[in-house]
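Undergrad: The residues making up each chain are set out below.
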Amino acid sequence: MQPFRTLTTRIIPLPRENVDTDQIIPARYLKVTDKAGLGEGLFSSWRYLPDGQPNPEFILNQAEYQDAQILLAGNNFGCGSSREHAPWALAEWGIRAVISTSFADIFRNNALKNGLLPVVVDADTQRRLFAIAEDDLNVQVTIDLASQTLTLPDGSRVAFPIDAFNKTCLLEGLDPLQYLLRHTLEIETYEDARGSSV
Amino acid sequence: MPKTLFEKIWGRHVVLQELDSPAILYIDLHLVHEVTSPQAFEGLRRRNLRVRRPGQTIATMDHSTPTNTLELPLIDDMARRQLMQLRANCTEFGIRLYDLDSPLRGIVHVIGPELGLTQPGLTIVCGDSHTSTHGAFGALAFGIGTSEVEHVLATQCLLQDKPKTFLVNFTGQLSPGVTAKDMILALIGRIGISGGTGHVFEYSGTAVSMLSMEERMTLCNMSIEGGARAGMVAPDDTTYEYLSGRPYAPQGASWDSAVVDWRSLPSDPGAVYDRQVEINISQLEPMVTYGTNPSMSLPISQPIPDPATEADSMQRGSLEKALQYMDLQPGTLLQGHPVDVVFIGSCTNSRLSDLRQAAMLLRGRKVADHVRLLVVPGSESIRTQAEAEGLDRVFKEANGEWRYAGCSMCIAMNGDQLQPGQYAVSTSNRNFEGRQGKGGRTFLASPLTAAASAITGRITDPRTLL
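In the order they appear, the protein sequences are chains S and U.
Throughout the first sequence, residue numbering follows the numbering used here, covering 3 to 200 in sequence.
Throughout the second sequence, residue numbering follows the numbering used here, covering 162 to 627 in sequence.
Please note: incorrect hints may appear among the correct ones.
[Claimed, not checked] Far from chain S, some chain U residues (derived; all Cβ distances over 10 Å): (1) 200; (2) 236; (3) 414; (4) 441; (5) 444; (6) 482; (7) 491; (8) 548; (9) 616.
[As the list claims (entries may be wrong)] Covered by chain S, according to a simulated footprint, are these stretches of chain U (three or more residues, beta-carbon under 8 Å): (10) 183-196; (11) 241-248; (12) 325-335; (13) 506-517; (14) 589-599.
[Claimed, not checked] Derived pair list, reagent style DSSO-like, types lysine-lysine, alpha-carbon separation capped at 27 Å: (15) U:169 / U:325; (16) U:557 / U:325; (17) U:325 / S:37; (18) S:169 / U:323; (19) S:37 / S:169; (20) S:169 / U:325.
Everything labelled a hint here was simulated from the structure, so no lab data went into it.
Since we're looking at a predicted model, the values are computed, not measured.
Using N, Cα and C, we set each Cβ at its ideal position, and we do this for glycine too.
Could you build the full structure based on these sequences and the hints that come with them?
TA: Laid out in structure tokens, this is it:
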């Protein structure tokens, strides 16, 4: 996993609530057996017109946002299906962090395993960020994971929560599976004590 | 200290809980399907790992399988490759697969219970958010992502933070024509689609204990649509009666000792929940969704809400966008709205009792001229049983299509899909934009409401046809 330490980029405002994983990557893209190419399908139904051409109205198609790496979304981002193809698609397109007031549980877990940082802020900060992003699209914000702070263009700082385990994994680019594998002995002891159940 | 059903199962499965780390939670049963597993198996190969407990891992094909033929090769080359990849992975790693030609194949959340794999007290996961279905048996069952599928394949464990508990108490009694589907839509409408985030639901109350296992599965299935990864019902005699004699259920003396253990699982009197809600269902009507998420639902007699009355600007925007996508007018009734397609199927409502209910209304009647009715059983076993009862003939004589088992138009990966602009009444679980086909519009409802709407060609209160 690519480590996540600090990030300074423009923010892509997507002022929609309850963006579900079917919107992030529709099911017709899920017939793949690998992860490559999913960025093409990111927000496909909003991003492409019925004839397959890019929809110039949709924010990801606008030239100014091509290098932006932070998505700013409405409440409850990533609800619905458990498809990890959603964070894979976001990451392949170039998104490294999503800011919202809340994330669906499975999406949050999936994002963290792919170096994609879910940043939870309060509703006031979310409103301020939308106002800033819509006012000046060149404006940048900084996310610093070690200090768990988001720095706004006026220099003000907002703290965001993350658990110690995921923070370490992200900062050091550690794969959580390694943690599980290190505890094989405990897993064996557990299995021996109770016997197999199926 | 009194414990909840969830806390008892959680406690039994914690292998290790280190400070500042998530718990290592042991997984008893891992269900696998073709869509969310290939990258996980590839990860095992890359790291040179084996499947730790192949005997506790069961695979099936359901999402990208066609429902009009079970013959290979499939026309859809990508779907064919995905299915062949699952077959190859199961062979390589020694996992039992209910393959395309198996008479026991079906939707993963339908066959687990049917085979008796789903049992009280177990931890069950699958790379699929509707794994919550299995909670109907008093199991802790939840959906996971593909990285976590790899974790479970490799270690039979998951890293999990302990969720909070949320008691959903259903009181009163269902009226005729109102179903478990209407109960769960009412709950989600009440608490919203993120109302259960971070929590596990426990459904209780007299109304829940009166439900059959199939109805309890419908209820637990849509827990995720209320934001909760898992939903549970305490096991009772209804559970044991359903399980007894099923292929993977314990037999003889081990059955007796299992039941003794299962009887200790229900929440203790005085157990404390982090949240609770009470819903009286005696006045509940059939529910139908009008919007683009499962919380946007209405009792069938009520008008579509007006975004102008919504105070919060983001929520107002969501409602406006939803009504725009659905092309519906605020203040009008959903009842009577024309429909193009009716889909009866999915892990929510494709079991024998669902098909019997739909057939009860369709028997001796015809589907409206312009309506396409698609009936897709949840498993090949259900298809066989339904055919033995003559339900297939009821659907076909009504001019409906009777298909092989699979997820079908719930997720629209297999060619069963809506055309842009079409309206469907669907017994599935998600009415998200484009979920049933790009540009398609979904009204979620019960099998009874779906069947009634197929007959009239309009959204119809099934109680008018009972």
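Undergrad: Now look at each hint and say whether the structure bears it out.
TA: Now for the hints, and whether the structure bears them out:
Distance check for residue 200 of chain U against chain S: the nearest CB is about 6 Å away, which does not clear 10 Å, and the non-interface claim fails. For residue 236 of chain U, the non-interface assignment is confirmed: its Cβ lies about 13 Å from the closest Cβ of chain S, beyond the 10 Å cut-off. Separation of residue 414 of chain U from chain S is adequate, the least Cβ-Cβ distance of about 15 Å exceeding the 10 Å criterion. Residue 441 of chain U, annotated as away from the interface, keeps every beta carbon of chain S farther than 10 Å; the closest lies near 27 Å.
The Cβ of residue 444 of chain U sits about 28 Å from the closest Cβ of chain S, beyond the 10 Å cut-off, so the non-interface label holds. Non-interface call for residue 482 of chain U relative to chain S: violated, since the shortest CB-CB distance, roughly 7 Å, does not exceed 10 Å. Separation of residue 491 of chain U from chain S is adequate, the least Cβ-Cβ distance of about 18 Å exceeding the 10 Å criterion. Residue-level check passed: residue 548 of chain U sits 29 Å from the nearest beta carbon of chain S, beyond 10 Å.
With 10 Å as the threshold on Cβ separation, the claim that residue 616 of chain U sits away from chain S holds: the shortest Cβ distance comes to roughly 29 Å. Remark: the stretch 183-196 of chain U is confirmed as covered by chain S, as 6 of its residues place a Cβ nearer than 8 Å to a Cβ of that chain, reaching the required three. Remark: the stretch 241-248 of chain U is confirmed as covered by chain S, as 3 of its residues place a Cβ nearer than 8 Å to a Cβ of that chain, reaching the required three. Counting residues of the stretch 325-335 of chain U whose beta-carbon sits less than 8 Å from any beta-carbon of chain S gives 0, not enough to reach three: the coverage restraint is violated.
With 0 residues having a beta carbon nearer than 8 Å to a beta carbon of chain S, the stretch 506-517 of chain U misses the requirement of three or more and the stated coverage is violated. For the stretch 589-599 of chain U, the proposed coverage by chain S is satisfied: 6 residues have a C-beta within less than 8 Å of a C-beta in that chain, meeting the threshold of three. Proposed proximity of residue 169 of chain U and residue 325 of chain U is supported: the alpha carbons are some 13 Å apart, at most 27 Å. Simply put, residue 557 of chain U and residue 325 of chain U have alpha-carbon atoms about 47 Å apart, too far for the 27 Å limit, and the pair is violated.
With a C-alpha separation of about 33 Å, the suggested pairing of residue 325 of chain U with residue 37 of chain S is violated against the 27 Å cut-off. Proximity of residue 169 of chain S to residue 323 of chain U is assessed by CA-CA distance (about 18 Å); at most 27 Å being required, the pair is judged to hold. With a C-alpha separation of about 24 Å, the suggested pairing of residue 37 of chain S with residue 169 of chain S holds against the 27 Å cut-off. Of the supplied pair hints, the one linking residue 169 of chain S and residue 325 of chain U holds, its CA atoms being roughly 22 Å apart against a limit of 27 Å.
Hint compliance for this structure: hints 1, 6, 12, 13, 16 and 17 are not met, and every other hint is.
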